[in-house]
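> Given next are the chains, with one letter for each unit.
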Amino acid sequence: MLQLFKFKGGVKPETHKAPSLQAPIAKAPLPEQLIVPLHQSIGGVPQPLVEVGQHVLKGQRIGAADQWVSAAVHAPTSGTVIAVEPRLAAHPSGLTTASVVIAPDGREEWIDRQPVDYHTLAPERLREHLRDAGVVGLGGAVFPSHAKLSAAKSVPMEELVINGAECEPFMTCDDLLMRERAEEIVRGITVFRDLLEPRKVLIGIEDNKPEALQSMREAVARLGVDFTVTAVPTRYPAGGAKQLIRVLTGKEVPASRRSPEMGVQCFNVATAYTAWRALAFGEPVISRIVTLTGNVETPRNWETLLGTPLGEFIRLGAPKPDTDRYLMGGPMMGFEMPGLEAPLVKASNCIIAGSPALFPPPAPEMPCIRCGACAEACPHELQPFELYWFSRARNFGKTQEYNLFDCIECGCCSYVCPSHIPLVQYFRFAKSEIWARERDKNQADAAKSRFEFRNERDEREKAEKAERLARAAAAKATEKPAAEKPAATVPAEETPPANAPVDADAAKKAAIAAAMERARLQREAAQVKNTDNLSTEQREEIARIDARRARAPAHQAVEQTDVAPPPAQEQ
Amino acid sequence: MLTAILIMALGAVVLGAALGFASIKFKTEGNPLVEKIEAILPQTQCGQCGFAGCKPYAEAIAAGEADINRCPPGGQEGVAKLADLLGREITPLDAEEKPKQLAIIDEHTCIGCTLCIQACPVDAIVGAAKQMHTVVSALCTGCELCVKPCPVECIRMEVIGESLETWKWRYPIFEIKRAS
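First to last, the sequence lines map onto chains A and B. Residue 512 in our numbering is what sits at position 393 of the first sequence, and the numbering runs on without skipping anything. Residue 153 in our numbering is what sits at position 147 of the second sequence, and the numbering runs on without skipping anything.
Hints are supplied without guarantee of correctness; some may be wrong.
Said to hold, decoys possible - Below 27 Å or equal to it, Euclidean Cα-Cα: the simulated BS3-like pairs (lysine-lysine) are:
#1 K550/A to K106/B
#2 K136/B to K42/B
#3 K517/A to K42/B
#4 K87/B to K550/A
#5 K106/B to K61/B
#6 K560/A to K174/B
#7 K550/A to K104/B
#8 K174/B to K550/A
#9 K136/B to K584/A
#10 K42/B to K560/A
#11 K104/B to K560/A
#12 K174/B to K154/B
#13 K61/B to K560/A
If you are wondering where the hints come from, they were derived from the structure by calculation, not from laboratory data.
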């Protein structure tokens, strides 16, 4: 018998699991329309691979992973793409997200499914295969699984923890999956084991699920693998990754470290199941088990196509008339769905129909009395009351000092608070505020460096141009006195008006005045050189030219207005 | 007596040398206050404060020549941060607070004059003479400096809405029920 450890804190809310456990998993009927968001996992946003009007097959990839931490999305059934556009997302914000809308043709035509023998694949190919099959953590965090399937280089992988705890009230999707499809789960776990090569595989299931425990034990025995199936005490949040690791291995994952650094990795049972389906049957993740429970006539677990609109899904359970909202996820960590058009996604493990009777409106928030109940309940040994004060005062630096980002938003603190303070909401607010500031800061820094670079470049270009012009002028100046021809004076004197427009044009936005100043200096320099020791012949010629210039003032004005004041008078 | 004077003199020489060495060794380039102020400014380089960029404005604030409420992109929050840093009074922003914007070039109207490219302080516009220009939206700071120089008025500013990536949880607010 495995020695179990305890995690600190936690609560024991009423489970409400029985109603949805009465019936086995059923296949949800094909909806009229499927809205498949492209971004269904942590990481990059897959780019759409299909166009409006295109016919797609069931399981066809419609969005390809665009980076390592990202996962592909697939058409849940065969049909026609009727739109690729932003649609309401299954997200508390009520914002839209790029989605592919498919009108099913009802034929359920599969792509050519290619089972793979994973033993023959190189580990990298296997991870790519899982990524392209869209395998992500189905416990609710939707982190791409392939990215978790490499052991840390420095620490040997000791334990692989499989999470079947399902600690959230109301939720029963993992329970039924373990009861009905234990063998496929265990086969999926063997794939993970072969990739990570841990010394032990520990499957943790809360002790309020004896049927699931039984079924998993039988499957392990039948397949002859040495996995340990262990009942863990029922206490919320035993299904949190760090909590389950603590209970099963006694290892405490330090703040801002990841479990592989401690030689542990954790996967959900449903993730193992989908990984096995992807490898042994060539079926990408296009459906999941969703619990429909709460204020409905027939609570049950449904194997539902991803992209099924909430409105069509809830009809399966016949919600009671006083239902006023739908929660996605459990009552502790879930959120209210923004509308009935929002689709079910890979993260949708449970839909709870809520009513004022089931979830009475929260009592008014009272001042914190510093009782410390939240600190006792916190499974991460944080001090929620401190975090609350600092979040409330928008003192975000302090919240980070108190390890705000270790908070898993499990809701234990809000659950026990005698003053009914919605602590988790304050923490979520503080977290997103900090992220936003970080984004702004990074953008400002990038803008600053670009601005500085641009200024530097401008300066350099200006200097280079001035140097070039000076060199040209110097070359000209040395050329002319050397020529020493009587005619040379004429072009020399006419150079300034000819040079000025060149300067002004080239410098454009740069100070015209500076150009004029330069032109004047050049002219003066030229004059000084050429008016010394003039012969009478030259003097006569200059007089003739001046007379000619005086005769045509209008012509000169036209030539020079856009450049500089006519230099004729100065000469 | 003489010993005491010698000891004091020796002490003065040693300490003076140490201080002299430290002033060379640990010399700070530039004004550290300017850097702190600049870190608060949003770096849009828009010039709406009347200075040619964020750094000149920061220098003016540090020199006490400019008010702290002249940066519209920083908003009232920026004013509060500057007031906090400088120990000055929080004053209302001397302009309308605008949401974050993004410049968009109507590529059908653009004649390729490159004037906006020259006006952009952060090199966020790409294009060449007589070629269509476009704004690299990830780099645009929304400073509006490109709008005026455009001879065909093909640049417009669009408010950047919230997306799933930038959405923020709201500050928890609860309605107080009227006591009947």
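> Hint by hint, say whether it matches the structure.
Hints, one by one, checked against the model:
1. K550/A to K106/B: holds, 21 Å
2. K136/B to K42/B: violated, 42 Å
3. K517/A to K42/B: holds, 20 Å
4. K87/B to K550/A: Status holds; Cα separation ~19 Å.
5. K106/B to K61/B: holds, 20 Å
6. K560/A to K174/B: holds, 16 Å
7. K550/A to K104/B: holds, 24 Å
8. K174/B to K550/A: holds, 9 Å
9. K136/B to K584/A: Given that 27 Å is the threshold and the Cα spacing comes to 23 Å, the pair holds.
10. K42/B to K560/A: Answer holds: K42/B to K560/A is near 13 Å, not above 27 Å.
11. K104/B to K560/A: holds, 18 Å
12. K174/B to K154/B: violated, 33 Å
13. K61/B to K560/A: holds, 16 Å
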